[in-house]
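Chains as they are written, first to last, in this note's numbering: chain A, -8 to 293; chain B, -8 to 293; chain C, -8 to 293; chain D, -8 to 293; chain E, -8 to 293; chain F, -8 to 293.
Watch out, some of these pointers could steer you wrong.
Note that the list lumps identical chains together, so a pair holds whenever it fits in one copy or between two copies.
Cross-link-like lysine-lysine pairs, in silico, DSS-like; alpha carbons within 25 Å at most [unchecked claim]:
#	residue 1	residue 2
1	Lys112	Lys22
2	Lys64	Lys75
3	Lys112	Lys233
4	Lys137	Lys223
5	Lys233	Lys64
6	Lys112	Lys203
7	Lys64	Lys203
8	Lys137	Lys22
9	Lys223	Lys22
10	Lys292	Lys203
11	Lys76	Lys203
12	Lys76	Lys223
13	Lys203	Lys137
14	Lys75	Lys112
15	Lys223	Lys233
16	Lys137	Lys75
17	Lys233	Lys203
It is worth saying that the hints were derived from the structure and are not from the lab.
Number of protein chains: 6
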Amino acid sequence: MYKINREVLRNISKAEVLIEALPYMRAFTGKYFVVKYGGQAMVNRELMEAVIVDLVLLKYIGVKPVLVHGGGKEVTEVMERMGKKPRFVNGLRVTDDETMEIVEMVLMGKVNQQIVSLFNKQGGKAVGFSGRDAEILQARRLDQQKINGDPEGETVDLGRVGEIIQIDPALIHTVSDNGYIPVLSSIGAGINGESLNINADHVAGELAVALKAEKLIVLTDVDGIYHLREGKQQFISSVNQKEIRAMIMNGEISGGMIPKVESCLMALDGGVRRTHIVDGRVPHSMILEIFTDAGIGTMVKQ
Amino acid sequence: MYKINREVLRNISKAEVLIEALPYMRAFTGKYFVVKYGGQAMVNRELMEAVIVDLVLLKYIGVKPVLVHGGGKEVTEVMERMGKKPRFVNGLRVTDDETMEIVEMVLMGKVNQQIVSLFNKQGGKAVGFSGRDAEILQARRLDQQKINGDPEGETVDLGRVGEIIQIDPALIHTVSDNGYIPVLSSIGAGINGESLNINADHVAGELAVALKAEKLIVLTDVDGIYHLREGKQQFISSVNQKEIRAMIMNGEISGGMIPKVESCLMALDGGVRRTHIVDGRVPHSMILEIFTDAGIGTMVKQ
Amino acid sequence: MYKINREVLRNISKAEVLIEALPYMRAFTGKYFVVKYGGQAMVNRELMEAVIVDLVLLKYIGVKPVLVHGGGKEVTEVMERMGKKPRFVNGLRVTDDETMEIVEMVLMGKVNQQIVSLFNKQGGKAVGFSGRDAEILQARRLDQQKINGDPEGETVDLGRVGEIIQIDPALIHTVSDNGYIPVLSSIGAGINGESLNINADHVAGELAVALKAEKLIVLTDVDGIYHLREGKQQFISSVNQKEIRAMIMNGEISGGMIPKVESCLMALDGGVRRTHIVDGRVPHSMILEIFTDAGIGTMVKQ
Amino acid sequence: MYKINREVLRNISKAEVLIEALPYMRAFTGKYFVVKYGGQAMVNRELMEAVIVDLVLLKYIGVKPVLVHGGGKEVTEVMERMGKKPRFVNGLRVTDDETMEIVEMVLMGKVNQQIVSLFNKQGGKAVGFSGRDAEILQARRLDQQKINGDPEGETVDLGRVGEIIQIDPALIHTVSDNGYIPVLSSIGAGINGESLNINADHVAGELAVALKAEKLIVLTDVDGIYHLREGKQQFISSVNQKEIRAMIMNGEISGGMIPKVESCLMALDGGVRRTHIVDGRVPHSMILEIFTDAGIGTMVKQ
Amino acid sequence: MYKINREVLRNISKAEVLIEALPYMRAFTGKYFVVKYGGQAMVNRELMEAVIVDLVLLKYIGVKPVLVHGGGKEVTEVMERMGKKPRFVNGLRVTDDETMEIVEMVLMGKVNQQIVSLFNKQGGKAVGFSGRDAEILQARRLDQQKINGDPEGETVDLGRVGEIIQIDPALIHTVSDNGYIPVLSSIGAGINGESLNINADHVAGELAVALKAEKLIVLTDVDGIYHLREGKQQFISSVNQKEIRAMIMNGEISGGMIPKVESCLMALDGGVRRTHIVDGRVPHSMILEIFTDAGIGTMVKQ
Amino acid sequence: MYKINREVLRNISKAEVLIEALPYMRAFTGKYFVVKYGGQAMVNRELMEAVIVDLVLLKYIGVKPVLVHGGGKEVTEVMERMGKKPRFVNGLRVTDDETMEIVEMVLMGKVNQQIVSLFNKQGGKAVGFSGRDAEILQARRLDQQKINGDPEGETVDLGRVGEIIQIDPALIHTVSDNGYIPVLSSIGAGINGESLNINADHVAGELAVALKAEKLIVLTDVDGIYHLREGKQQFISSVNQKEIRAMIMNGEISGGMIPKVESCLMALDGGVRRTHIVDGRVPHSMILEIFTDAGIGTMVKQ
């Protein structure tokens, strides 16, 4: 007779979890997931490993993950070490040539390679790219900005800050189709080939469109989007495009959450069906969001 | 602030299970698993569905599963319905032409199609084959047998009972490579193309070799292999080829377990690295055996 | 000098026959021919072999043949052996669950495998399928029927009798392109995956459309279609769609010929250019119909 | 009831001829047949058409035919028209530069294109090549010859007569694999790229080896090989390599038959299994030789 | 320290030339260039070698060159040698059957093979074709002509002179894609497969269209197109379609230049963007025209 | 008549240069060239552009170039800016963790991206890699070193300085075969995935072997190798493996030239046939070395 002991029971529940994941595998196999990664979640090494493991898992069940990263905190840190004081206007880093040099060194020489190395350790065969490689991200400089949008205010030249004109996804396809995981930093190639500093959330949103991705997942260091209902902050599990635009209008969403939501809206406008804002500080939050019905973040859908 | 409630905790542990499965996915992607399926586990519909779900799961994480089945109980049942009395010699069914007709109708027209249908329901795109299709299993009749091997005993002609001469795996490769799951019944093509009744355990063992499978998994209706240690039946989690041959010699293994162990030994001799005898009556036992270190059945290895 | 004896003369006329076939080869290479096979022609083993040889010949000259079969006579025979009495309403077999079990066993476990085996013997590498394999034939149950269409008459539930909703030809393409000859029985997969009994003539007609076949050939056990002209039954070698519809209206065609003609009309409506009703009892009648200008059966064309 | 009249009977016997050809189709599909064509058979237009039809037939049943031709008679004819007197030494044409110009013009500008045109008319998509195209036939000049091999005799420079050093079959493969029938004249490319006149029988023999052909067929204007038995010339249907070498030694074979037999022996030495010397004046003799057991020519085998 | 001597300086300027060619390589890689070759330039062997070297160079930098040739001078020469007097009407050779035989022998057996041989010598792997091979050039006979277009004049049957009905470029694609350089003579296949004599300039123009060529280059034995400006003949480097049509109207272009310009206009009408009339007597004039901004011939553009 | 003026003459000589390059194109098409780039030549922007143009030219004529770079000078410069003093032992940079961070930032975030950008500007579609990407360069730390090899001397731990264990060229093949030019920095992946500083000359030498490269070209800031003959430094255009080993033994080669020569010897030992040490300060020196017989650097051959 067969003895059902505690360990066996535990294993059976393990098997059931795998089985529950099956419909999701069926749905996602062969599709691109673009994952924006940044902020606090990227600083803690243990959390980073959890994120990378999630992406390798996605790879093995047939998803084609692409990771997009910035690296604001690391840039500020190195600038300070080199005795340079960061300045921000309207939430954007004023980027003179010397700052751009530091941005590029930190993003490509530090953050990108660190992520690639974590993938390799987990058996993931990653390849780091900047948007200048094969001119994946073609960009142009932003116009000069009025501080806080005040037409009377000071005019500031943000320097080497850019926005995307066009994305050439051919290199991403080549390496993804050959089994590699692309890791892309948010540096663009300007008209003359010079490097430009681009908002990584925007890169992720537009890349999701260019790759016709199934999902855009924005990993951040808050747990999702809240709104005020009857005097209390209430967590939102799911919201559609129209509703979230209304919330922005009403000032219910603000600060660092704005570019994240914009990234989702870019993707949705371009045909991506589902986007997710997920707390990168919770281990394996991405897997939770993708493979459980409730999820743990906020899903923004069409 | 993020509220960790019970549901979230449960979800987190779910995510961890998926993560734990990752090294197994890495190891098994693109490999064949031959699964022998039969006996009691094949009679209960709920258990059948659990087995099929496991195989579809394997398919989605990159494994190429092939299912081999017999159908002794169903054959006996239909024979009795048709007023025919089954007879067995040395554990083999005496198979006259009329019996063979029933065997083939039951295996191909009932059991095989029922399994295919369960796969389709789970999104698995299965295709049923007999060993006569494209002459996958080329066989010849067994010689006449002495009852119980007793040289003085009665000589019995087993009729249309066969053994494999050669396997042509081309059709299995064609359909597996195109995303289908092959379901093969244990009927062989004799020298003149006539159908022969072959032991399904043997078919599984030899097919695993012909496909250079990573694993052979024999689903049965006992929980694995036991041996007597200090007066008590003790369960064996893992045993090597040499040890198990000794156990057969010593009569520690007997009855219906013999062809299962022989199937494993055929596979191991032919280069398959790991074989498993697993209890098909435990839901998702196959997944437990594959994706947990302890497993729940008996692994027979080289 | 060269001595022309009788044997040489005979051989020369042989060569001429091959040469005459050349324009047909040119026209048909790489095209699908769907062949419906059934009735009396399928009972006599010698005639069966002649049919199979014809199909293997087609394969070798570059045609992609697909054989569709039912098996009414064999089903009735086994039912009677099992003490079950067949019942027909409006020419359709009333198919309760037990009858369906017998239908499936006979078609897949007996008729289909017998045909496959004959192909293998002729070097044809055939593969048997039911419409449940990879859900080639998706079907639904027929509505209840009034006997003889009489609105006042008894209402009969035909049970597991179905009609085709959709055909997925992917598996047929996969095996045909890899050099195999598919042999498909007329069993469909219902909404819940259950088996349904479908009219094999209809299966052939619709499959010809789904495969964009060059020809549909219906092998039957009469020599073709006749009509009454000046008090005499006169054989029709060729008839177009419009004419044959008129003949049905006028009651000139009736009985078992109706579904055969319907099968041809389905195919013609769906774009198949030529369909043939040919006497399967004449050895190599299919070859005669295809490779000679006169043919021996009735061609129904657009 | 079915009326069997005379025409039907004739058609049935036609069908049987096709059926009889089936085992040959099975054996030859996908294989190269190299056919040497020349002499009287190439002068009569009706006979030429019969040869071409045979080759197109082979193409349609899956064989890859390659035709090799010379054109001695046509060369002589044009030379005479241009007031030039041909001279032969040891059976080889003494080929000065002006003669070579005529040889090349006649072979490539007349014979080759005429054959290509006949193929096109039969639906065969032929492509004409000389051995200079893509340097298929790399050759070198023959040494000076003693007349009749007599060491005391006159020494003759044969001029632009060559022998094959190496064959590059890549172009033949390219066009054959894309559905074209190559027609190759027996002109080689000398060390400096100059044209050389090569024996077409030798070209055919060596090409059969380079293509690993299944068969070499030499069409000629006699009906095969005879030997003297009991005072009578007796036709030989089949002979092996050893026997035919003996016959050459004994002087039983002579004249124009020598290079034909040499061609066969070259092919057999290089691994071609069967070679045939067939009378090109009998319509469809090639088909007769290939598709009937007796054949009508002489088969020289290993 | 590094000593810059004269040789080094010369080498440096060599390197610079290669560098200057780079933008042209970028623009032309993978594109077809159709080159019409004929006249005086084809008679001098040294000039021929220069042309061939240019084409091999184009091949190595990624262009797909196709050479089209006629051979009027060689035909006239051989006709005279054979005692036949050439006759021309409206610039077209009156081509009776005997003349056509000579045309075909000279073009395919002499000119075409000579060009192929020169390519091989330069490492170019060329393959000679006539328009009859695989029926590349399907043509029909020209109508009877009035001499000088005079409606009262004598009516002349030009015999085997043809014009193109349709081009099948499949064979050109097959050999080009496999690394060969096609060399096509201006002989077409008539309705019954008979050879027809076609103007080689027209063949080149229409072939450029059928291949969607990047460029048509007409090599001739004048240095390009001139017009009269202020009493002086002035060379034209570049001219558009409209201008050149006007020049033809005004009689500024005449004689042998007419078919060359027509060839360019055919190509331009069919979508070819640039066409060039270049002096084949200047060594490497084709390379000069393609790789330098000024060029040395006349470019006719859309 | 054609007027040959000065410009035409100049153009003709241009064409001749292209023609002269043809045999080299023939020889090198489809082959890998590994180019080591560094030192002074990499600092001057104009020289860098010349180098990049040369590599793009190679790409267009069918070569597969791969560029390997270090960046010692840039590293030292940034270190000094950050107030860190470089230290060298036995010519190797002592690389503590902080230094390694700077090395990686400078190489990947500055030098590599600058090179990639120059390629893009020239139409070259480059992709930057570190040896950590997809673990192209697997490395291990060097053992501790005795200063100057003196066994009595101080023992120094060089820190994160590594040597290559294994090269995985799969990613290089993937991107090269898809039309990209790989640019690889000399950073390796240590056993635990950590970055290691590797000598770029050694990387180039070993990569040439792993890619079975046709050539290794080491661009440096001297004009090649000299030796003392009769009291004078004499330039060496060509030297074989054995001779150069002797020169190292004799102390004729020293300093920074040692690792360059070692790189060549590694490549030659591994089967690369020709290696070149070329002055990167001379514009287009690489093209000169490759496409002219004399060359301008030192060729080290087997």
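If any of the earlier hints don't hold here, list their numbers in rising order. 3, 4, 5, 6, 7, 8, 9, 11, 12, 13 and 14
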